[in-house]
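Respectively, the protein sequence lines represent chains G and Z. Residue 16 is where the first sequence starts when you use my numbering, and the numbers rise one by one after that. Residue 580 is where the second sequence starts when you use my numbering, and the numbers rise one by one after that.
Be a bit skeptical, because a hint or two may be false.
Simulated crosslink set (EDC-like; lysine to aspartate or glutamate; CA at most 20 Å straight-line) [as the list claims (entries may be wrong)]: (1) Lys155/G x Asp717/Z; (2) Lys582/Z x Glu794/Z; (3) Lys155/G x Glu722/Z; (4) Lys155/G x Glu813/Z; (5) Lys157/G x Glu722/Z.
Derived contacts from chain G toward chain Z, CB cut-off under 8 Å, selection only [said to hold, decoys possible]: (6) Leu110; (7) Val127; (8) Arg130.
Footprint (simulated), chain Z over chain G, 3 or more residues, beta carbon under 8 Å [as the list claims (entries may be wrong)]: (9) 27-33; (10) 52-60.
The hints are simulated quantities; they were obtained by calculation from the structure and are not laboratory data. From the three backbone atoms N, C-alpha and C, an ideal C-beta is built for every residue, glycine too.
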Amino acid sequence: MKLSENAILEVVDLHKGFGNNPVLNGIDFEVYTGDVISIIGASGSGKSTLLRCINQLEMPGSGEIIYRGENMLARGVNINEYRSRVGMVFQSFNLFNNMTVLENCMVGQMKVLGRSKSEAHERALEYLSKVGMSAFIKAKPKQISGGQKQRVAIARALAMDPDILLFDEPTSALDPETVGEVLLVMQTLAEEGMTMLVVTHEMAFAQDISSQVFFMHEGKIHERGTAADLFGNPEKAETRDFLSRFRSGRQIAG
Amino acid sequence: MDKFSKLIFDIGKLWESYGNSYLRGISSTLILALVATAIGCLIGFVCGVLNTIPISQNDHPVKRFFLRLVRVVIRIYVEIFRGTPMVLQAVFLYYGLPYITDNALRFSSIWLASIIIVSINTGAYMAESVRGGILSVDPGQTEGAKAVGMSHFQTMTAVILPQALRNKKPQIGNNFIINVKDTSVMFIIGFPDFFAAHRAAAGATFLYFPSATIEMVGYFTLTLAASALLRFLEKKMDGDSSYELVAADPLVMAAGTYSRPERSEK
Chain G
16 MKLSENAILE
26 VVDLHKGFGN
36 NPVLNGIDFE
46 VYTGDVISII
56 GASGSGKSTL
66 LRCINQLEMP
76 GSGEIIYRGE
86 NMLARGVNIN
96 EYRSRVGMVF
106 QSFNLFNNMT
116 VLENCMVGQM
126 KVLGRSKSEA
136 HERALEYLSK
146 VGMSAFIKAK
156 PKQISGGQKQ
166 RVAIARALAM
176 DPDILLFDEP
186 TSALDPETVG
196 EVLLVMQTLA
206 EEGMTMLVVT
216 HEMAFAQDIS
226 SQVFFMHEGK
236 IHERGTAADL
246 FGNPEKAETR
256 DFLSRFRSGR
266 QIAG
Chain Z
580 MDKFSKLIFD
590 IGKLWESYGN
600 SYLRGISSTL
610 ILALVATAIG
620 CLIGFVCGVL
630 NTIPISQNDH
640 PVKRFFLRLV
650 RVVIRIYVEI
660 FRGTPMVLQA
670 VFLYYGLPYI
680 TDNALRFSSI
690 WLASIIIVSI
700 NTGAYMAESV
710 RGGILSVDPG
720 QTEGAKAVGM
730 SHFQTMTAVI
740 LPQALRNKKP
750 QIGNNFIINV
760 KDTSVMFIIG
770 FPDFFAAHRA
780 AAGATFLYFP
790 SATIEMVGYF
800 TLTLAASALL
810 RFLEKKMDGD
820 SSYELVAADP
830 LVMAAGTYSR
840 PERSEK
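Let's have the full structure, built from the sequences with the hints guiding it.
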């Protein structure tokens, strides 16, 4: 894969194993501005690990993660600055329990980006109202529902003005009734041109918002294509198999 | 009954001549325990933070070596000061310093020496319990902080330590109470605390039991008051448990209402 001028992020031959268990077996892809890439696949196929390797919550075994032309796995790279450019939304929200909703969205801006308190406050309010949480700014994370937590987590990530947002199964830990509100926020972001990488089990959602879909199988991107191609006309047997299992509702999510 | 009125009488006699010295002892004990607990907690928190700096394969080898060294040094510190009696540590340091340096260095003040010894002793206990406190905070909190780009230090001070501290509050109170009692061993290097007052008074009057009674009542009152105060502070710091209910959430919807945009069904 050649180094492209305008790719924000390039993943080159990424490998990762836990002990003797290979999880990622050579992943290659590029992300351009405005891409919305959904990553689907069975549990254990390496989707979450891939996402966590991208912002180095897991250290990849080998390969390159090139962000704006610079390999982020090289020694001496300021990993904290890189992480502030690549937002992450977790399955389990990971809101800071010792802070209010508002403080959750301010602390990173002030500590990492060095913004003033008033600017951080203003931006936090802007993004919290974008996700419909401006009425809850004084609440603590334990006082709000799962879907609300996830929307705050999205606002927290957005407040950092990231180049890319990574979503790691953002609705998998939610009650069915709160899934919709989170998907709606994500859909709005996608329509506004946010660059997103989404690991998800919500197939209908992936089909609707994605510019590209990756099907992961045994630690590789087994098949990739537009949402229409991959869902409508999958080439590989494993992809068809996975999708049909999913459609018949026998897939065990998680 | 006879014995009891004799005891009361003796205590009265003691208090008449030594009351002030007991009271001064109490205030010294309290100040030493407070200061040493505070410094000890600080040491504990610093050790806890240093101990949990992640070591990554991507770090420079010198940095990795240094981080490992820090962990080993802290380990040794904790094991030594947790594993030997404080009374011996006091003697060891107080007399050891001038011995080794041929009197070039010595503790100029008994207060300074006592504060240092009790502090590093408390620090050794706190280091372990702070480490436990840090580990007890959900790892997701650290990941959340890392994901917005916070450094280890920022993660610790803004997110992890406030939560660890909340879990450690009873432990800190516990340490303070232990220190109120255990500073009594500092009489060995001549620290004028509450227990030292007993030694002076009893040594001069031979009224060992009445003086010990004063001490027992005194120490117990101190620790009882301290634990009541700590409970009160704990409640205060937990803050208000009620909050305003907000009904206006524009995005809340019923189950399965993710609305697909218009598109042609095939």
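We went through each hint and held it up to the structure:
This hinted pair checks out: Lys155/G and Asp717/Z have alpha carbons roughly 16 Å apart, not beyond 20 Å. For the given pair, Lys582/Z sits about 19 Å from Glu794/Z by alpha-carbon distance, which is consistent with the 20 Å threshold. Our distance criterion of 20 Å between C-alpha atoms is met by Lys155/G and Glu722/Z, whose separation comes to about 19 Å. Distance restraint check for Lys155/G and Glu813/Z: the Cα-Cα separation of roughly 19 Å lies within the 20 Å cut-off, and the hinted pair is therefore satisfied.
Pair hint Lys157/G plus Glu722/Z holds up; C-alpha atoms about 18 Å apart against a cutoff of 20 Å. The beta carbon of Leu110/G is positioned within 8 Å of a beta carbon in chain Z (closest approach about 7 Å), and the interface hint is therefore held. The closest approach between the C-beta of Val127/G and any C-beta of chain Z is roughly 4 Å, which is under the 8 Å cut-off, so the hint is satisfied. With 8 Å as the threshold, the beta carbon of Arg130/G stays out of range of chain Z, its nearest partner Cβ sitting at about 12 Å, so the hint is violated.
Only residues whose C-beta sits within less than 8 Å of a C-beta in chain Z count toward coverage, and the region 27-33 of chain G has 0 of them, not enough to reach three; the restraint is violated. Interface restraint, the region 52-60 of chain G with chain Z: violated (0 residues with C-beta to C-beta distance below 8 Å; minimum three).
The structure fails to meet hints 8, 9, 10 from the earlier list, while all remaining hints are met.
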